[in-house]
Structure formats: C-alpha cells, structure tokens
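Trainee: Residues per chain are reported as follows:
2 protein chains.
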Amino acid sequence: MKDIPDDLRINGERLLARLSEMARIGATPKGGVSRLALTDEDKAARDLFTKWCRAAGCTVTVDQVGNIFARRIGTQDDLASVFLGSHLDSQPTGGRFDGVYGVLAGLEVIETMNDRGISTKHPLEVVSWTSEEGARFSPAMVGSGVFAGVFELGYVLSRADKDGLTLRDELKRIGYAGEEPVGGRQVRAAFELHIEQGPILEAEKVTIGVVSGVQGLLWYDLVIKGQEAHAGPTPMQLRRDPVAGLSSIIQKIYILAEENAPHARVTFGDIKVEPGSRNTVPGRVTLAIDLRHPDPEVLDSMDRELRSIVESQCHPAGLTGKLEEVWYMPPVFFAPECISAIRGAVEGLGLPAMDIVSGAGHDALYLSKVAPTGMIFIPCRGGLSHNEGEYASPGDLIAGGNVLLRAVLEIADS
Amino acid sequence: MKDIPDDLRINGERLLARLSEMARIGATPKGGVSRLALTDEDKAARDLFTKWCRAAGCTVTVDQVGNIFARRIGTQDDLASVFLGSHLDSQPTGGRFDGVYGVLAGLEVIETMNDRGISTKHPLEVVSWTSEEGARFSPAMVGSGVFAGVFELGYVLSRADKDGLTLRDELKRIGYAGEEPVGGRQVRAAFELHIEQGPILEAEKVTIGVVSGVQGLLWYDLVIKGQEAHAGPTPMQLRRDPVAGLSSIIQKIYILAEENAPHARVTFGDIKVEPGSRNTVPGRVTLAIDLRHPDPEVLDSMDRELRSIVESQCHPAGLTGKLEEVWYMPPVFFAPECISAIRGAVEGLGLPAMDIVSGAGHDALYLSKVAPTGMIFIPCRGGLSHNEGEYASPGDLIAGGNVLLRAVLEIADS
Numbered sequence: 001m002k003d004i005p006d007d008l009r010i011n012g013e014r015l016l017a018r019l020s021e022m023a024r025i026g027a028t029p030k031g032g033v034s035r036l037a038l039t040d041e042d043k044a045a046r047d048l049f050t051k052w053c054r055a056a057g058c059t060v061t062v063d064q065v066g067n068i069f070a071r072r073i074g075t076q077d078d079l080a081s082v083f084l085g086s087h088l089d090s091q092p093t094g095g096r097f098d099g100v101y102g103v104l105a106g107l108e109v110i111e112t113m114n115d116r117g118i119s120t121k122h123p124l125e126v127v128s129w130t131s132e133e134g135a136r137f138s139p140a141m142v143g144s145g146v147f148a149g150v151f152e153l154g155y156v157l158s159r160a161d162k163d164g165l166t167l168r169d170e171l172k173r174i175g176y177a178g179e180e181p182v183g184g185r186q187v188r189a190a191f192e193l194h195i196e197q198g199p200i201l202e203a204e205k206v207t208i209g210v211v212s213g214v215q216g217l218l219w220y221d222l223v224i225k226g227q228e229a230h231a232g233p234t235p236m237q238l239r240r241d242p243v244a245g246l247s248s249i250i251q252k253i254y255i256l257a258e259e260n261a262p263h264a265r266v267t268f269g270d271i272k273v274e275p276g277s278r279n280t281v282p283g284r285v286t287l288a289i290d291l292r293h294p295d296p297e298v299l300d301s302m303d304r305e306l307r308s309i310v311e312s313q314c315h316p317a318g319l320t321g322k323l324e325e326v327w328y329m330p331p332v333f334f335a336p337e338c339i340s341a342i343r344g345a346v347e348g349l350g351l352p353a354m355d356i357v358s359g360a361g362h363d364a365l366y367l368s369k370v371a372p373t374g375m376i377f378i379p380c381r382g383g384l385s386h387n388e389g390e391y392a393s394p395g396d397l398i399a400g401g402n403v404l405l406r407a408v409l410e411i412a413d414s
Numbered sequence: 001m002k003d004i005p006d007d008l009r010i011n012g013e014r015l016l017a018r019l020s021e022m023a024r025i026g027a028t029p030k031g032g033v034s035r036l037a038l039t040d041e042d043k044a045a046r047d048l049f050t051k052w053c054r055a056a057g058c059t060v061t062v063d064q065v066g067n068i069f070a071r072r073i074g075t076q077d078d079l080a081s082v083f084l085g086s087h088l089d090s091q092p093t094g095g096r097f098d099g100v101y102g103v104l105a106g107l108e109v110i111e112t113m114n115d116r117g118i119s120t121k122h123p124l125e126v127v128s129w130t131s132e133e134g135a136r137f138s139p140a141m142v143g144s145g146v147f148a149g150v151f152e153l154g155y156v157l158s159r160a161d162k163d164g165l166t167l168r169d170e171l172k173r174i175g176y177a178g179e180e181p182v183g184g185r186q187v188r189a190a191f192e193l194h195i196e197q198g199p200i201l202e203a204e205k206v207t208i209g210v211v212s213g214v215q216g217l218l219w220y221d222l223v224i225k226g227q228e229a230h231a232g233p234t235p236m237q238l239r240r241d242p243v244a245g246l247s248s249i250i251q252k253i254y255i256l257a258e259e260n261a262p263h264a265r266v267t268f269g270d271i272k273v274e275p276g277s278r279n280t281v282p283g284r285v286t287l288a289i290d291l292r293h294p295d296p297e298v299l300d301s302m303d304r305e306l307r308s309i310v311e312s313q314c315h316p317a318g319l320t321g322k323l324e325e326v327w328y329m330p331p332v333f334f335a336p337e338c339i340s341a342i343r344g345a346v347e348g349l350g351l352p353a354m355d356i357v358s359g360a361g362h363d364a365l366y367l368s369k370v371a372p373t374g375m376i377f378i379p380c381r382g383g384l385s386h387n388e389g390e391y392a393s394p395g396d397l398i399a400g401g402n403v404l405l406r407a408v409l410e411i412a413d414s
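Just so you know, the sequences run in chain order A and B.
Residues in the first sequence are numbered from 1 upward in steps of one, following the working numbering.
Residues in the second sequence are numbered from 1 upward in steps of one, following the working numbering.
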C-alpha cells in the first residue's frame, strides 16, 4: 500500500453542502425527507447524484434493477473495483442522513482524490443501491440483494407498491431501468458508511463505530390459545387465560435477554388480543417476537430456550402455545481485512472509536455475501432514525468521511 | 303466608315446549338464536309471549320504553305487584335460554297457579324488559334501567344502532311503543330466574344458585408510554419499553387477584400496541382492565393496590402509566327477604343449592334499586353463554321454575 499523507482530509464543507442540497429533494416541514424508492423525488436525487459523479470524472452505469455505479478508473483498471456506497431512498418520513450520507461521502472520497491527484491501483465505484428501505416496495434491500444473488431479478421487478405499481414500471418511468445485468461486476471490497441508527456511540461518547458484523435475527409469531369466557362469572381458577401465559412468557424472555447481555436483544413489537372485548377473557393472543444476537451459537441457544419457555408456561396452564418462525437471518461477520483497514484509518486520524455490532440490516449485509465488506458508523442524536428528527453533527459526518477515505485508500492499493 | 302444597310443581313439559317454540324465532343453524332487540324477531317473540299471557288470563300493558307487563290479579289487588321477569332479546349469535328462560318460567308460574286454582294476595306481573343485551343499542339493560331511574327515557329512546335507527323509531315500527309512563308501578318484590352464564354450579354439581348479589366492577384503560426505538440497534438497558411495564403490571395484578381469592376477578380483555411494528420497540401500549369483587371495601382496596402497582412498575423504568377509570359499578346485595324466600323454596324441594355471586349484570341489578329483589341461577353447560352452544338441562330448567314458583308464592302472600 502507498503512504497516506498525514494531512489528507476530505473537503468537509463540500460534503455538508451536498448533504444539504440533497435534503431539499423531498424535504418535509419538520426538517426530514420523504424520498420513497422510485418516486419523482428518488429520480431527482438520482439525477443530481449522477450529475455530480459525471462532473467528478466518473463513468455512470445503471443496472437492470436500477443500481447506479459511478466508476473512477484505477491504475490497474482491469482489477476488481472497491465499492463505496449506500442508498438514496428514504422512509416516508425519514431523515437527512440515512443512506444518502454513505453515497455522498463515497463521492466526496473520489472528489478528494481528484483534488489531491491521488490514484488507486483498483478502480473505485460509488454505488447507490435501489430501494434499500423497503418502505414502498417490500422486501427491503432489493438492489444489493439481487446484486448478491439473494433475490431473483424477476421477483424484485414484479414487486408492487400499495397502489399496484410495480418496481419494474416505476424504474422505467423514472428512467433508471438500466441495461446492464445485475451482479456481474467484480468487487475487490465494499465499504458502507452510515449513521448508527442506535444510541450506543452517543452514549459512549465515541465518534466512530468499527462495525464487526450484523446481529443475527429470529422473528416469530407466537399464538397462545386458551378459552374465551365471561369476565364476571368465570372464577380465576377455572379460566384458561392466554393473557396469563403471555405475560409470564414475556417476562421470562426478558430474563433470557439479561442472561445473554449485553448483545442479546428481544423486542415485542405487536400484540393482538381476540376477541378483544373489555369484559371477555380472551380466547387467543398473538405476540410478535424479535430476537437478536451477533453470535450464531448464542442465537441458537436462545431459540431453544424460547421454545422451552413457551412450552413450560402454556402446557401446565391449559394453554396451547404455537411458535411460528417468520424469518431467520444468521449473524454476519464483516471481513477482517476491511475491519482492519477501518481500524487503521481511525488510528491514523486519532479518533475515539469502538467496535460495534449493527442491529439493523444494510446493503453491506448482502454485499458481504459476495465481497469482503466493512461498515463504518457515526453517532446520531438520541439514536433517532427513520424519523424527520434524525441528526448527526457536522464534525462526526466529516470524521466518518475521513475514515472512509483512508480505509478505501488502504484496500484499493493492496 | 299460606301453606304451599308439598306436591306443587310447575308443568315442566309446557315450559320446555314453550322454550322450544320461542327458540324457533330467530333460530340459527348452530342451534342458537339471533333475536336482537326491536328487530322483526324480537317483535315475533313479544307477540307470541303476549298471546300466551292473554290466554293465561293476564292483562298486558306496554310502557313507553317497550317493557311488557302481564298482570295476574291478586286477592288484594291494590297492593304492589310481585315481578317475575327477564328479557326476550338475545345477542347476535346468542343462546336459547339467556333471558327468555326467566320470562317463560314466570309465565309458567302463573299457568301453574291457574291450573291449581291458587290465588295470591299481591298481584303478580310477568315482565319482559326491553333491550337487556345492549348488543344492538348501547348501553345494556335500558328497559329495567329507565324503570329504576338509572337512565332518562329520552336518552334511551334516542340511542341509535349502527345503521342509525333509533330505539324510539324501532319500538314504534314493531308496535311496542306503549303509552304507560315508565316506572310508575308499585313493586312488592322482583324475582329473576336465569342461567348462571358461568361454570361454578356445574363444577360444584349443584342445581340451584341462590344469588346473594352482583359483583362490583371497575373498568380502566391503562396507557403506558415509553420511547419508540429500533429493535436492532437499541441496547436493552437504554430502552424505555412499555411492554416490559405491561407484562410486570399484568403479573402483579394476577397476584392481587390471588390475594383476594376466591371472589376477586381480573380480566385483561384487550391490549393495543403502538405503532405495532414487528421490529420497533413500541412507544405506547393500552391495556383494558376489568376488576371485580362482591365486597365494596375489598374492591376499594384492590383499586388502591392497582394504582400503586402501576406507579411502582412504571416510574423506575422510565415509563409513564396513566390509569383512566372507564366505569365503576358498586357491588349490589339482594334483599334478605327474597334470598330467604328462595332458600326456603330450595329446602322445600330438597334441591342441592349454594350461594353464589352474579358476575354479570342483569335486569335484577337495576330492579334492586327500587324494590326488594332476588335472583335464582341454574347451571349451564361449560359456563357457556352469549353463544349458540348455550345449554341447560331439562331437569335443571324445571327445577329452577319450581324454585321460582315457591319463592314467589312466599312473598306474594306476605
């Protein structure tokens, strides 16, 4: 690898100015953005991004699922590219940084190299992945997903929004149905810079999170059936009350999380009670369970414990508990060489940093299936994201860009 | 009081035959009935009932809220009447006995006296109270409620069903908007015979429940607020998770019920979770709480305990718990002379009986505000009611009628 000049820094003002300019597209009254995938706002953001990329000397290519690749040549240009990217789409009432920060910081890395006359052995590509949020078209992360072979192209193109408009037609309508097959590109490594979307870095007063991987995740629907009964006449001991099973199961799963602290997470995002009448002992309750842990073995053991909790709390109470697995995503570990490049960048810059596990899915999650991948987090205020109030400080935004610059330089010349 | 002949029994076959004939009106495929208040089915049931009453020599009067009074003269006919009644309306998919049993058993008592040439000092009136169920027009028990001064007549007549049809107009449409003012009648005592709508008598293998009163009831909405957060990135110890508060509050309220066993009842009929997304720690949950006890002092102390549970589980967890009282109905104690008359009847007949507290509201609840009132329960299979599968055995149905006959004779001559 080449020596990285000690004083090498991105142009922070340019990055912040571009973030501000991009935030005008789909701006909401409360200071956020609404830029759902493949809407007119997404098109405007794509147009502005590609205009900037071309002005920076990049060659812009769009593939059949609408992923945009802005390529800067390498000194050995037939080598695989280093990817720097994230996404331009947002939640319906999203923030100014989720996704777009990683894309524009990628472009800023290239602009900085241009300014300083720095070339790299491997070509670089700033990538904007299509429809990461999954807010308009479900599932999420389909651009990177098709690229990584997780989803079939035809399946993704046929996904419809709630008005019945398909991703295929909307891609054509906004002019981003490219011709290039999805996934053909050789990737040396992929980096994604992102706000944390959680409160840890802020709480730890740390500027950079070196992301070691992504939590594994198990989603279940737990259905507990008992016996509907009148609230007044039915004595407590003659009831088969699914709410009694529900509350003790929830309590025991919280204890299970404590036993696997600090990395285990359990969330009960929804509860449905049937028939849902104030003076009727319910006959049936449904609980949404979200279980996460970065270690696959621990996640497996939590899964076994969970099943045994359900059985032990339901059966003796005359209830039936049926646990249906809705989704399993195994934990992901990012590539040691990428993590090491990020750590080196952090050290070179003297920034306060810590290792962190990503709790949310990102395009990097799918990229890691086909290329050495790394992620960099910066703090966001109050852990707030998917929210118009999402905020990251200028200093942290610039620091993240500098880490990305150095990590990319390290890998792109190796 | 006069001596009651040892062999005096109702005509059980006639009672069962009339129950069967009445059950044809609004019969459902699964063996129940659908006879919502003031529908064509309710009209047909009223027509059949009043035809039978007139044939039994009674004078039929209808008041302005549609309550039907079928009067048999007393030997001192200016004395206050003894009421025997219940209601003819049903739940949308109700059973063959809830309400109608008490009305037709009342008529059977009069038929039996006619057959045996028995007269009473006080006149008797079989009463069918309007819209007890509250399933079509809310609130419930409005016929007896207006009679007892609990509701204003104008308020009740203006109540509309979900199609906007008012109780006033529907009463006129089916020809049961009477002219008599509601509530003017003098009442010596009121008896209501009813299926238990709970599982206790069946579990105790007892034929007759001597109802001592009606449980007091407290309804609340508990709103617990925390902080919405992403399920993945937010560490457990940084969450303010209202589901954690919810589950521990529910558990502690179940313990409160145990501490006040066997009469305390607690029911959580509904839970609402917001925003209700699988991978979001909820920001807010709402819990419907139904608390019952027959002793007003115990109910008061449970209310205080409940408030302290909410405070102790919410505050330290960074949650706010707001308990809103939706309804309070104090416990009701039935009249000692009516209870004593029912006990005497049970003893005279040598029936297995026990004291029982009613968990459900009944017309007798409101009647007790203006007259000495008593209630008799018979078992129903599996405690099932408000259900097409509602079932009471012929033997129990007849036994209940015999108890009613003797209790009424006791009071009507005293």
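There's no promise every hint is true.
Identical copies carry no separate label here, and so any pair may be met within one copy or between two of them.
Restricting the straight-line Cα-Cα distance to at most 27 Å, the calculated cross-link-like pairs of lysine-lysine (DSS-like) are [as the list claims (entries may be wrong)]:
{"#": "1", "residue 1": "K172", "residue 2": "K252"}
{"#": "2", "residue 1": "K121", "residue 2": "K272"}
{"#": "3", "residue 1": "K30", "residue 2": "K225"}
{"#": "4", "residue 1": "K30", "residue 2": "K162"}
{"#": "5", "residue 1": "K225", "residue 2": "K272"}
{"#": "6", "residue 1": "K369", "residue 2": "K322"}
{"#": "7", "residue 1": "K43", "residue 2": "K30"}
{"#": "8", "residue 1": "K322", "residue 2": "K272"}
{"#": "9", "residue 1": "K172", "residue 2": "K51"}
{"#": "10", "residue 1": "K225", "residue 2": "K162"}
{"#": "11", "residue 1": "K205", "residue 2": "K322"}
In case anyone wonders, no lab produced these hints; they're calculated from the structure.
Trainee: Tell me the hint numbers this structure goes against, listed in increasing order.
Mentor: 1, 2, 6, 10 and 11
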